[in-house]
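Protein chains in written order, with my numbering: chain A, 1 to 136; chain B, 1 to 769; chain C, 1 to 118.
It is possible that part of the hints are untrue.
[Claimed, not checked] Under the rule of at most 25 angstroms between Cα atoms (straight-line distance), these lysine-lysine pairs were calculated in the BS3-like manner:
1) C:LYS51 / C:LYS62
2) B:LYS99 / B:LYS446
3) B:LYS361 / B:LYS446
4) C:LYS62 / C:LYS48
5) C:LYS62 / B:LYS724
6) B:LYS25 / B:LYS99
7) B:LYS20 / B:LYS99
8) B:LYS23 / B:LYS99
9) B:LYS580 / C:LYS48
10) B:LYS361 / B:LYS518
11) B:LYS760 / A:LYS60
12) B:LYS760 / A:LYS65
Calculated directly from the structure, the hints in this document are not laboratory data.
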Amino acid sequence: MKSAILQTATRYLLPILLLFSFFLLLRGHYYPGGGFVGGLVASIAFVLHSFANGTENTMKILRYKPLSLIPIGLAISAVSVTFPLLLGFPPMTGLWFEEPIPVIGMIGSALFFDLGVYLVVIGVVLTILFTIALND
Amino acid sequence: MLFTVLTGLITSSLLVPFGKIIKTKWSILLPFIPVILFLFYLWHVPVIANGTNVIQHLAWVPSLGVNFDFRLDGLSLLFALLITGIGTAIFFYGRSYLKGHVYFDRFFAYLLLFMSAMLGVVLANNILTLFVFWELTSISSFFLIGFNNDSKESRNSALTALSITGLGGFFLLAGLVLAGNIADTFIISELFAQHDKIVNHPLYPLIVGLVFIGAFTKSAQFPFHFWLPGAMKAPTPVSAYLHSATMVKAGIYLLARLTPALGSTELWNTTLMIVGGFTMVYAAIHSLFRTDLKGVLAYSTISALGILTFLLGIGSNEAIIAASVFILVHALYKATLFMVTGIIDHETHTRDLTKLSGLRKVLMPVFIAALLAALSSAGLPYTFGFIGKDLIYEATLHYQENWALWLTALAVITNIGLVAAGFMAGIKPFTGRLPSEFEQVHLPYKSMWIPPLILATLGLVFGIFPGIVGDYFNHQTANAIAGQETGMHLKIWHGFNTVLILSLATLAAGTVVYLLNKPSRAKLAAIERFNKISPQHIISNIANGITRFSSVYTNAIHDGYLRSYHLKIILFAELLLAYKLWLGGPIQIDFENLTPLSWYEVGIVAILIGALYIIVTTKSRLTSVVSTSVIGYCICLLFVFYSAPDLAMTQFTIDTLTTVLFVLVLYKLPPFINFVRQGILIRDAIVALGFGVIISLIALRVLYEPNTTAISDFYGENAYLLAKGKNVVNVILVDFRGMDTMFETVVLSIAALGVYSLIKLRLKSSEKE
Amino acid sequence: MELLLVLILGLLYAAGVYLILRRSMVKLLLGIILWGNGANILIFVLGKITKGSPPVIDGAYKVFQDVYADPIPQALILTAIVISFGLTSFAIVLLKRVYALVDSDDLDDLNTPEEEDI
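For reference, chain A alone in the conformation it holds in the complex:
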């Protein structure tokens, strides 16, 4: 699917879609959205890019293997689950910063947990799709 129009379009679409996916992630606690949806949208952005420009080029943009996102995401989730233990709370206790941060709103351990989910989802989807695409 080497089409000049699509290639040009994805050049702009990729950052926009990524921004959108991040937006979905951040506001997930208050409005529809969240880690799963955000991660899926981000993956679709990359998949679209790979369709237009070839998987190899997308891999170049990513720099790292998508597989490596999985342990990073799992680690972030795990840390956010166990972090309260250090402060003497049971695991998974929600911890929040006192003051809301502009644009994003309240930041707490749940957001980090969702961030982990987001990264795992991107890692999983891209690993599956790219290994298949590259292998053909």
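Position chains B and C relative to chain A; hints supplied.
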């Protein structure tokens, strides 16, 4: 006490990683395990001799009443000493016997496992713990009997032994649990106090029957005796251990242990006497016809077990004293004879009685051991066996007037057989002319002939000084079985009375039988003609029948076609669900409360149904994939209409990605094949529609069941108050049920890793090209 | 609408069963996907569908002011959708591998694999 059970189990599992090391000179460490355990129990003798019981309690599954309850009394102590003491001899002996064997480490792992299991059985004070260890002895003995796993006979014998004893264990569990429920306790020592309650319960005959099946299978009583001669396929150290002191005695132990709880009734005593009496006579006569040394020993063991059962059946104080002494007598001489047989087999490579003779010239110390054991078995005065035999006759003679004579006659016949069998095994191979082929035979390692010599000598020592045994712990054994003071006092000399005359007459008759009965193949063949009506034959026929049935059944059900499995599973589910639905009565639909329809919803549903129709009928792969994604998008729209924005977004993205995946993979595959006949299509369509209808009906049924929304309300109310989030679905996912989400991501990661490795893995050499 | 949804889920299940009973691996996989969709709708229907009031608390308030859709089925379905994607993708790749090995989409060809292929 727990540690004595665990030591063997732990060492046994340690032999897995350290098996290589233990095959070298470090194997000398192995026998010290039973030595230590033996010393531990020896150290307990003075405590038990006073009549105190040592009790240990450790919670295991307290909610089910399954605990590690251990209790050491006279009966347990006798058995623990036998298990560890004879075990010590066997470990030293077996280490030399199997020196250099490929599976040396495995052998000792099994043996240790078995020893621990036996200790567990005799120490357990909880019905369920007892059962667990009981089954463990069956399993570990399976490995020991089938140790020579390259021989088919050996494997078959192991399987027979496992099926018979394992089956027995199953019945035993049922019986014990019934008894435990009636008495309302699973602690064995507490069952004793409930004796009257259990005995008068209408289920008592059933309990006794079940327990008897367990005990008789284990202790090789007629008609379950046949696994024992088969078990002779095991290496001789195993036979020596299993059949002298441990495995087969477990059944006797069980009967003795439960006598205070279930015994002293007519049913209990008469059954035991009949079964034991028949077994002892039957096996004693049988043993005379064997030409294989181990065969002789096997049948004489069965006979001895019969005697023990018989004695427990008589149930008088004297009989119980006789039983507790005879357990020890038999263990000592039988272990010796087995070990001697092992030496003969090891050095001459034959166990055929018709060939063996004159070995005393080359194996003198072994002959001494064998002679002492044979004499003890024959009951010569001043051997321990003499005391044992005296006590048996005393017990039978003092039974009820009109039966005493008959019982004594049975005991005399059995003992005559045992005398002859003992001589056949212990004296026959050593006397006579030494054939030239055996002239090169030499003594084995010291560690092989010293253990049997020690055991045989003990038989003599105990015979001369019976007080060593009787006054220290054996009287407590008898007390534990009887559940009362038995006033046991062993004496070497009972005076010149009927018992002594009987004893001497038995000895004389046995010697005559031994001299007259020359083992020969012709006699063996003669007795083997009766095999057709033997219980072994009948039971193996039944087993074969079951195997044949299951293979016919398997061939009918498992035809190897995935879709046919699916069809069977789905049909079964349909029947089950339909039955359940039918039980629930008619379904009421409340038309008032339905959500109103709008035209676009109907439109979407129509598209969805159309797409479904296309998937089912199309011949094109791409069309069906596209239709699947259309269905996904339709569902996505339904989510939008019915207040599930998160779902809609997720469904949309996932649907897109799945379609991409399908396209990436599937454009290479060939078009659909269509072989199926019209009839099958219609059948499948009916099954499929039936399933759909049933699921729909279930949905309708549930839809109009009143349900509570307490959990949803909790999440709804507390989403912001507790978790500072306003999108309740997301709050549930990342906060309330965060752990579930965490593991969901783990599952996803595993799927991704699976895909990654499936793709990267090269399965076929041609693919590399 | 509930009745329509019940009809749809019944049809999804029925189509799923029908496809699962076919010989083609691809159809088997499509059948499983349809089953997954049917199950999602089943959960959705059982949670009492509500129109136009998603389980999101209005910005100005701390608790719900009005009726709202049951969030639990939604959370369950969301999880189910994502997991079934994992399942589907694994199955698709497995199918691809099988096809590479036996050169066929026919499940019956899997019954007698040749020695060298294992």
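Unmet hints by their number, sorted upward, for this structure: As far as the earlier hints go, not one is violated by this structure.
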